[in-house]
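Given chain A's structure and the hints, the job is docking chain B onto it.
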Amino acid sequence: MTHQTHSYHMVNPSPWPLTGALSAFLMTSGLIMWFHFNSLILLALSLLTNTLTMYQWWRDIVRESTFQGHHTPTVQKGLRYGMILFILSEALFFMGFFWAFYHSSLAPTPELGGSWPPTGIHPLNPLEVPLLNTSVLLASGVSITWAHHSLMEGNRKHTLQALLITIMLGLYFTLLQASEYYETSFTISDGIYGSTFFVATGFHGLHVIIGSTFLIVCFMRQLTFHFTSNHHFGFEAAAWYWHFVDVVWLFLYISIYWWGS
Amino acid sequence: MSSLFPLIEGSARMWKTLTYFVALPGVGVSTLNVFLKHHGEEERPEFITYPHLRIRSKPFPWGDGNHTLFHNPHVNSLPIGHEDE
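Respectively, the protein sequence lines represent chains A and B.
So the first sequence is numbered by the numbering used here: it starts at 1 and just counts up by one.
So the second sequence is numbered by the numbering used here: it starts at 262 and just counts up by one.
Chain A on its own, in the form it takes in the complex (with noise of 0.2 Å):
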């Protein structure tokens, strides 16, 4: 008996779940290390050791499943059923962003000045940059949806084109929504406005970025010929995934940027 009668992956001993694990500790102590003892070199560490193990993993999980045919359909189907619920998890995580948001909003404190934007804040106009963002994040839903018909059809010149014009249109939120950040007239410390705004936006636009960078590799990844027309989980985990991002966009606007304001 040398050869597997299943269809599941038994994977080979790796190491990466240890050092993903010893960098996120090392993350959360070198935070500690930064605000209290004005110390950057755990979080230094931390982010270099985290940014490695990332790298290696993924690229043994494309080893596996690109270059030695291990990912099956059943294989596929856990991965689908991982990435669904990996993304249900984040939707909660925003979810609790949206609770702070509106239970600080629908019931301002006098302290505030008994309103919502609070007296002295100057909101964002929604029809301006924010809408524009709005444009920016629906259209790359589109383009990403071109980039999947065109691989399934096999057309790799257009899946390469519609990819670039959705990381385009990602990368041009990003830069945006940073200036938008740097002309803001009011800050993080302005309140419970400044953190909900900032804390919900920030880590949307940190999604943003993540998602890039995974349409990035997938980019990198079409052009070396990973992706088949019919198998290209990859790709679809990051449409997904982008297409979360601009979900919770649309909802930061409605809520934040346009009743919030």
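Hints should not be assumed to be uniformly reliable.
DMTMM-like, lysine to aspartate or glutamate: derived pairs with alpha carbons at most 25 Å apart [claimed, not checked]:
no.	chain 1	residue 1	chain 2	residue 2
1	A	Lys77	A	Glu64
2	B	Lys298	A	Glu236
3	B	Lys319	A	Glu183
4	A	Lys157	A	Glu90
5	B	Lys319	A	Glu111
6	A	Lys77	A	Glu128
7	B	Lys298	A	Glu183
8	A	Lys77	A	Glu90
9	B	Lys298	B	Asp325
10	B	Lys298	A	Glu153
11	A	Lys77	A	Glu180
12	A	Lys157	A	Glu180
Only part of the chain A face toward chain B is listed, based on derived beta-carbon distances under 10 Å [what the hints assert, rightly or not]:
no.	residue
13	Thr28
14	His36
15	Gly120
16	Asn125
17	Leu127
18	Thr187
19	Phe198
Rather than coming from a laboratory, the hints here were simulated on the basis of the structure.
Predicted model, so just to flag it, every value in this text is computed and none were measured.
Backbone N, C-alpha and C define an ideal beta-carbon position, used for all residues, glycine too.
Same frame as chain A, now just chain B:
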């Protein structure tokens, strides 16, 4: 490859059309909208030391501890007033 036989459902073609004729022009129009509105927004609101704003419970772990991460001297004031006045 796609020129050798006709597209099976043609759905990629529809999304391509949507991308170039709806999505990207929408971004273009919104960009123009921002660009046009941006002229004439130079005065900044009068500074009042509200206790519920510009909170400093603990210094920030960077710089002099008194500036937020995206501090813009032109539009952001410090707890005691604008820096550039």
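Now the hints, each set against the structure:
Of the pairs offered as hints, the one joining Lys77 (chain A) and Glu64 (chain A) holds, with about 16 Å between alpha carbons and a cut-off of 25 Å not exceeded. Distance check on the hinted pair: Lys298 (chain B) and Glu236 (chain A) sit about 38 Å apart at the alpha-carbon level, beyond 25 Å; violated. Distance restraint check for Lys319 (chain B) and Glu183 (chain A): the Cα-Cα separation of roughly 24 Å lies within the 25 Å cut-off, and the hinted pair is therefore satisfied. Taking the CA atoms of Lys157 (chain A) and Glu90 (chain A), the gap is about 33 Å. The hint is violated against a cut of 25 Å.
Distance restraint check for Lys319 (chain B) and Glu111 (chain A): the Cα-Cα separation of roughly 20 Å lies within the 25 Å cut-off, and the hinted pair is therefore satisfied. Among the hinted pairs, Lys77 (chain A) with Glu128 (chain A) is inconsistent with the structure: their alpha-carbon atoms are about 42 Å apart, more than 25 Å. Our distance criterion of 25 Å between C-alpha atoms is met by Lys298 (chain B) and Glu183 (chain A), whose separation comes to about 15 Å. Under the criterion of a C-alpha separation no larger than 25 Å, the hint pairing Lys77 (chain A) with Glu90 (chain A) is consistent with the structure, at around 20 Å.
About 35 Å separates the Cα atoms of Lys298 (chain B) and Asp325 (chain B), which puts this hinted pair outside 25 Å; it is violated. Note on Lys298 (chain B) and Glu153 (chain A): the hinted pairing is violated, with a Cα-Cα distance of about 42 Å set against a maximum of 25 Å. The hinted pair formed by Lys77 (chain A) and Glu180 (chain A) fails the criterion: a straight-line CA distance of about 41 Å is larger than 25 Å. Restraint check: the Cα-Cα separation between Lys157 (chain A) and Glu180 (chain A) comes to about 35 Å, which exceeds 25 Å; the hinted pair is violated.
Restraint check, Thr28 (chain A) versus chain B: the minimum CB separation of about 15 Å is more than 10 Å; hint violated. Of the supplied interface hints, the one on His36 (chain A) holds, with its beta-carbon coming within about 9 Å of a beta-carbon of chain B, less than 10 Å. At about 5 Å, the closest approach between the beta carbon of Gly120 (chain A) and any beta carbon in chain B falls short of 10 Å, and the interface hint on this residue holds. About 8 Å separates the beta-carbon of Asn125 (chain A) from the nearest beta-carbon of chain B, less than 10 Å, and the hint is met.
Residue-level restraint check for Leu127 (chain A) holds (minimum Cβ-Cβ distance to chain B is 8 Å; threshold 10 Å). Interface restraint check for Thr187 (chain A): the shortest CB-CB distance to chain B comes to about 4 Å, inside 10 Å, so the restraint holds. Interface hint at Phe198 (chain A): satisfied, since its Cβ lies 9 Å from the closest Cβ of chain B, which is below the 10 Å cut-off.
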